[in-house]
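*Asks:* Top to bottom, those sequences are chains U and Y.
Just so you know, we're using the numbering used here here: the first sequence kicks off at 1 and counts up by one.
Just so you know, we're using the numbering used here here: the second sequence kicks off at 1001 and counts up by one.
Rather than coming from a laboratory, the hints here were simulated on the basis of the structure.
Don't take every hint at face value.
[Stated by the list, open to error] Mimicking DSSO-like on lysine-lysine, the simulated pairs with C-alpha atoms at most 30 Å apart in a straight line are:
id	chain 1	residue 1	chain 2	residue 2
1	U	K105	Y	K1014
2	Y	K1070	Y	K1057
3	U	K105	U	K69
4	U	K95	U	K69
5	U	K3	U	K105
6	Y	K1014	Y	K1057
7	U	K95	U	K3
8	Y	K1009	Y	K1057
9	U	K95	Y	K1057
10	U	K95	Y	K1070
11	U	K105	Y	K1009
12	Y	K1009	U	K95
13	Y	K1009	Y	K1070
14	U	K69	U	K3
15	Y	K1057	U	K69
16	Y	K1071	Y	K1057
17	Y	K1009	Y	K1071
18	U	K3	Y	K1057
[Claimed, not checked] For the chain Y half of the interface with chain U, some residues (derived, Cβ under 7 Å), not all of them:
id	residue
19	F1010
20	G1042
21	L1043
22	Y1048
23	V1050
24	G1051
25	N1102
26	G1108
27	G1110
[As the list claims (entries may be wrong)] Far from chain Y, some chain U residues (derived; all Cβ distances over 10 Å):
id	residue
28	E45
29	R68
30	T100
Treat the numbers as computed from the prediction; the structure is a model and nothing was measured.
By construction, the Cβ of each residue, glycine as well, lies at the ideal position given by its N, Cα and C atoms.
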Amino acid sequence: DAKTTQPNSMESNEEEPVHLPCNHSTISGTDYIHWYRQLPSQGPEYVIHGLTSNVNNRMASLAIAEDRKSSTLILHRATLRDAAVYYCRTSGTYKYIFGTGTRLKVLA
Amino acid sequence: NAGVTQTPKFRVLKTGQSMTLLCAQDMNHEYMYWYRQDPGMGLRLIHYSVGEGTTAKGEVPDGYNVSRLKKQNFLLGLESAAPSQTSVYFCASSPLGQALSNQPQHFGDGTRLSIL
Chain U
1 DAKTTQPNSM
11 ESNEEEPVHL
21 PCNHSTISGT
31 DYIHWYRQLP
41 SQGPEYVIHG
51 LTSNVNNRMA
61 SLAIAEDRKS
71 STLILHRATL
81 RDAAVYYCRT
91 SGTYKYIFGT
101 GTRLKVLA
Chain Y
1001 NAGVTQTPKF
1011 RVLKTGQSMT
1021 LLCAQDMNHE
1031 YMYWYRQDPG
1041 MGLRLIHYSV
1051 GEGTTAKGEV
1061 PDGYNVSRLK
1071 KQNFLLGLES
1081 AAPSQTSVYF
1091 CASSPLGQAL
1101 SNQPQHFGDG
1111 TRLSIL
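Looking at chain U on its own, in the form it has when it is part of the complex (with noise of 0.2 Å):
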């Protein structure tokens, strides 16, 4: 089944570039690529999403590898309230499969 990878945890200093990767090896042609975000106490919100080519919008942008069997999540510039778990989503068998996430923490 569909199955994605994501590091545990990463660091990163404020204003600085954030790339969170994910590895989806198994995702299917027609399969979108979703990154949401999970504040503490909260659900999960949507971040970011696409099929093939790179995406930006004001939260974020999302390079897609030509394979599509990785992405990037980039956050161009990290502030302290961008410290959360991010979470990549595919699908599978039995609809979305999320990665277990990655803790980002950001220094100020």
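Please build the complex by placing chain Y on the supplied structure of chain U, with the hints as guidance.
*Replies:* Chain Y alone, transformed into the frame defined by chain U:
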């Protein structure tokens, strides 16, 4: 801007008791989902619904039942609670789209359930 609302926010049950978690969305979304979140396990799909009156099993459906009698509501039931069902439960919804996986999901803030 209510979005997805989950009731209750916290609950403590004894083993063997039953209860129903309620999820309500006001965005007219077709799809609704129930997830559980456990430490180190990420989000795991319990059941989902692609429309009023229809439900389907997700990755971890055992011990749970669901119903979608109205488009805006999705109920998750525990008939006989077990300590292994202690978790944080999240409801989500998403709109109809060209491809099921194309649409972002909107999540509630969760129900923290403890089974003693």
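*Asks:* None of the hints should be skipped; say for each whether it holds.
*Replies:* Structure-based check of each hint:
no., hint, in the structure
1, K105(U) with K1014(Y), "violated, 37 Å"
2, K1070(Y) with K1057(Y), "holds, 18 Å"
3, K105(U) with K69(U), "holds, 26 Å"
4, K95(U) with K69(U), "holds, 18 Å"
5, K3(U) with K105(U), "holds, 24 Å"
6, K1014(Y) with K1057(Y), "holds, 25 Å"
7, K95(U) with K3(U), "holds, 12 Å"
8, K1009(Y) with K1057(Y), "holds, 24 Å"
9, K95(U) with K1057(Y), "holds, 10 Å"
10, K95(U) with K1070(Y), "holds, 22 Å"
11, K105(U) with K1009(Y), "holds, 27 Å"
12, K1009(Y) with K95(U), "holds, 26 Å"
13, K1009(Y) with K1070(Y), "holds, 21 Å"
14, K69(U) with K3(U), "holds, 11 Å"
15, K1057(Y) with K69(U), "holds, 27 Å"
16, K1071(Y) with K1057(Y), "holds, 18 Å"
17, K1009(Y) with K1071(Y), "holds, 22 Å"
18, K3(U) with K1057(Y), "holds, 18 Å"
19, F1010, "violated, 11 Å"
20, G1042, "holds, 4 Å"
21, L1043, "holds, 4 Å"
22, Y1048, "holds, 6 Å"
23, V1050, "violated, 9 Å"
24, G1051, "violated, 14 Å"
25, N1102, "holds, 5 Å"
26, G1108, "holds, 5 Å"
27, G1110, "holds, 6 Å"
28, E45, "violated, 7 Å"
29, R68, "holds, 13 Å"
30, T100, "violated, 4 Å"
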